[in-house]
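Q: What follows is each chain in one-letter form.
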Amino acid sequence: MQAFALSLQSEFLKTRKTLAFWIAIVLPLLICGLVFIGFYSHSKDLLQYTGRMLWMRYMNTTLGVMGILLMPMFVIFVTYSINSIEHRADTWKSLFSLPVSKWAIYSSKYFYTVLLNALCLSLFASFILLSGNLMGLLKPELKFHDYSIAGLAFEVHAKLFLASLGILSIQFLLSLVWTDFLKPMGIGFVLTIAGIISAQSGWKYAWTNPYAHPMLALMSMKPAKATMINVDMFSKEVLVSLLVAVIAFVAGYFVVTKRSIK
Amino acid sequence: MSSPIIETHELSYFFGNQQVLDKVSLNVPSGSIYGFLGPNGAGKTTTIKILLNLLRSEAKNVFVFGQELSGNRISVLSRIGSLVEQPAIYGHLSGRENLIVRASLLRLKSHKADEVLELTGLSSAAYKKASQYSLGMKQRLGIGLALLSDPQLLILDEPTNGLDPNGIIEVRKLLTNLAQQGKTVFVSSHLLSEVEKTASHVGIINKGTLIFQGTLQELQHLSNEQVLVEVDDNVRAANILLKNGHSADIIEKQVIVPYLSKDQMAAINTLLVSAGCSVSAISKSKKDLEHLFLSLTQS
Numbered sequence: 001m002q003a004f005a006l007s008l009q010s011e012f013l014k015t016r017k018t019l020a021f022w023i024a025i026v027l028p029l030l031i032c033g034l035v036f037i038g039f040y041s042h043s044k045d046l047l048q049y050t051g052r053m054l055w056m057r058y059m060n061t062t063l064g065v066m067g068i069l070l071m072p073m074f075v076i077f078v079t080y081s082i083n084s085i086e087h088r089a090d091t092w093k094s095l096f097s098l099p100v101s102k103w104a105i106y107s108s109k110y111f112y113t114v115l116l117n118a119l120c121l122s123l124f125a126s127f128i129l130l131s132g133n134l135m136g137l138l139k140p141e142l143k144f145h146d147y148s149i150a151g152l153a154f155e156v157h158a159k160l161f162l163a164s165l166g167i168l169s170i171q172f173l174l175s176l177v178w179t180d181f182l183k184p185m186g187i188g189f190v191l192t193i194a195g196i197i198s199a200q201s202g203w204k205y206a207w208t209n210p211y212a213h214p215m216l217a218l219m220s221m222k223p224a225k226a227t228m229i230n231v232d233m234f235s236k237e238v239l240v241s242l243l244v245a246v247i248a249f250v251a252g253y254f255v256v257t258k259r260s261i262k
Numbered sequence: 263m264s265s266p267i268i269e270t271h272e273l274s275y276f277f278g279n280q281q282v283l284d285k286v287s288l289n290v291p292s293g294s295i296y297g298f299l300g301p302n303g304a305g306k307t308t309t310i311k312i313l314l315n316l317l318r319s320e321a322k323n324v325f326v327f328g329q330e331l332s333g334n335r336i337s338v339l340s341r342i343g344s345l346v347e348q349p350a351i352y353g354h355l356s357g358r359e360n361l362i363v364r365a366s367l368l369r370l371k372s373h374k375a376d377e378v379l380e381l382t383g384l385s386s387a388a389y390k391k392a393s394q395y396s397l398g399m400k401q402r403l404g405i406g407l408a409l410l411s412d413p414q415l416l417i418l419d420e421p422t423n424g425l426d427p428n429g430i431i432e433v434r435k436l437l438t439n440l441a442q443q444g445k446t447v448f449v450s451s452h453l454l455s456e457v458e459k460t461a462s463h464v465g466i467i468n469k470g471t472l473i474f475q476g477t478l479q480e481l482q483h484l485s486n487e488q489v490l491v492e493v494d495d496n497v498r499a500a501n502i503l504l505k506n507g508h509s510a511d512i513i514e515k516q517v518i519v520p521y522l523s524k525d526q527m528a529a530i531n532t533l534l535v536s537a538g539c540s541v542s543a544i545s546k547s548k549k550d551l552e553h554l555f556l557s558l559t560q561s
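Here the protein sequences come in this chain order: A and B.
Just so you know, the first sequence maps onto residues 1 to 262 in the working numbering.
Just so you know, the second sequence maps onto residues 263 to 561 in the working numbering.
If we strip away everything but chain A, and leave its shape as in the complex, we get (with noise of 0.2 Å):
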């Protein structure tokens, strides 16, 4: 347990000057900031919506943007940039001749990139509350303050974070085996594009496409034409979505355990 703690320590000092882990909360920053601007500069047209109504406006502009095709393309860059730190400097040899144990090396590395992902979800959440908050006190004509989002906020993206983890597993093994940034990238982004088409046509089998997960995510939250939110946290997506985790996280720890470093 300690060497795990050690591992997950030393892939923060590892990261910590990168774009994997700065990207994590600069997107948040980035969208939500967008976001808030173009809903500042459009208040007028704003006026007539009551505080639930202008608060899920404000939360799905932000969730439309990212949850669909920003949040696979992120996490496929994040898992890629984790594990492209030891394929750029060569460093796999280095780490398994230290009396660290594989397994510690491997989990630590897998759940820092977790960790990436939930930081990046719960600033998404935080900034979305800040950033509509401080909209109400500044355009105080809207009404942000008759209504409160934050349980509800933390709960979607809660639930985003879950359906997100299936795609986080089979990218890490990816970018586990392979070297290069094209083939991960390639088949994530073919995957992302056919998830969002027969999410949105609505294929009944659309769940077994882990990538599609987070659009189903979000639809099945908020189906077309409803006004109110339900999250049920642990839909059939969500819980796909955690068993491929599971599958494709031991998978990359035999690939890891198995091979040889040539």
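Take these hints with a grain of salt, some might be off.
[What the hints assert, rightly or not] Below, simulated BS3-like cross-link-like pairs (lysine-lysine); rule was C-alpha separation at most 27 Å, straight line:
(1) B:515 to B:505
(2) B:435 to B:459
(3) B:459 to B:469
(4) A:258 to B:306
(5) B:469 to B:285
(6) B:391 to B:374
(7) B:306 to A:102
(8) B:390 to B:374
(9) A:93 to B:371
(10) B:546 to B:524
(11) B:374 to A:17
(12) B:306 to A:93
(13) A:236 to A:222
(14) B:374 to A:102
(15) A:258 to B:285
(16) A:93 to B:390
[As the list claims (entries may be wrong)] Just some of the chain A residues that point at chain B, by a computed CB distance under 7 Å:
(17) 6
(18) 9
(19) 10
(20) 13
(21) 96
(22) 97
(23) 99
(24) 100
If you are wondering where the hints come from, they were derived from the structure by calculation, not from laboratory data.
Where is the CB? At the ideal position from N, CA and C, for every residue including glycine.
Given chain A, work out where chain B should sit, using these hints.
A: Chain B in isolation, oriented as in the chain A frame:
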């Protein structure tokens, strides 16, 4: 210099169908600087990777510190510092940060990083990005990473690669110092001259087979001394010597006889002069280790 620190029993290894190691039985004594010598592609790095459990040898025939390696991986590796091929360095981090990352994994205090920077002469470049280091500095940082945990056994794969003459001398001094502190150093090289200057023990590997293993003195002993004679007529001189019981040979316009003693040299001279040969030079030479190495690895 008692029990061996590294021992392999008829270690063989295959990459697919290609055999890269053939029954290599290493015996590295404690406290030695063991020079592991061989031309490129002889199997040096493969052997080192097996010693570090990076390549898996199914047969349990590798023993380090008296422990079977694959069953005691963590305990064995905790006493080894290693540098394999190119130094594995994170280019986006500074030299010091590279050491700190490693120190945190090994549960060491960060002041160890500063000590190692001092020892490897990198203190002034501690905060410079490692990607901007010269090849020699990277190599020194790689050695520093290996030294960080103060290991009992150092396994270094071609540590002087890319170093300038000063750097090479520094590494040599460092290795000698470490051995004086009781550490065992296993160092591979394809340059005999390098090994000759530091090693107490030598293993020579060629095409996956260990063709010599012993002390440096034993290796030097293999290189017999010779008497070189320059005369006006090589063939006639060689025949005279052969008729008188000397095993003479002609190589590169010189008559060569295995050296036995000063008296033998004098006798050869007298014999040739009295037979009417004009002897212009007679000298004793040692077949140098470089030629010995070449003859060992090319035969």
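Q: Hint check: residue 236 of chain A vs residue 222 of chain A, CA-CA at most 27 Å. Holds or violated?
A: The hint holds at about 15 Å.
Q: Take a quick look at whether residue 546 of chain B and residue 524 of chain B sit within 27 Å of each other, Cα to Cα.
A: holds (9 Å)
Q: For the pair supplied as a hint, residue 515 of chain B and residue 505 of chain B, is the alpha-carbon distance within the 27 Å limit?
A: Status holds; Cα separation ~20 Å.
Q: Between residue 459 of chain B and residue 469 of chain B, is the straight-line Cα distance small enough, at 27 Å or below?
A: The given pair, whose Cα atoms are some 24 Å apart, holds under the 27 Å limit.
Q: Compare the distance between the alpha carbons of residue 435 of chain B and residue 459 of chain B with 27 Å, and conclude whether the hinted pair is satisfied.
A: It holds: about 10 Å lies between the C-alpha atoms, which stays within 27 Å.
Q: Taking only the CA atoms, is the gap from residue 93 of chain A to residue 390 of chain B under or equal to 27 Å?
A: holds (24 Å)
Q: CA of residue 306 of chain B to CA of residue 102 of chain A, is that 27 Å or under?
A: holds (24 Å)
Q: Holds or violated: residue 99 of chain A as interface residue toward chain B, Cβ cutoff 7 Å?
A: holds (4 Å)
Q: Are residue 96 of chain A and chain B close enough, Cβ to Cβ, to be under 7 Å, as the hint says?
A: With a closest approach of 6 Å, the residue 96 of chain A hint holds.
Q: Could you check if residue 9 of chain A really has its C-beta closer than 7 Å to a C-beta on chain B?
A: It holds, given that the least Cβ distance between residue 9 of chain A and chain B is near 6 Å, below 7 Å.
Q: Taking only the CA atoms, is the gap from residue 258 of chain A to residue 285 of chain B under or equal to 27 Å?
A: Judged against 27 Å, a Cα distance of about 24 Å means the pair holds.
Q: Tell me if residue 97 of chain A is really an interface residue toward chain B, meaning its C-beta lies closer than 7 Å to one of theirs.
A: Check passed: Cβ of residue 97 of chain A comes within 4 Å of chain B, closer than 7 Å.
Comparing the model with each numbered hint stated earlier shows that all of them hold.
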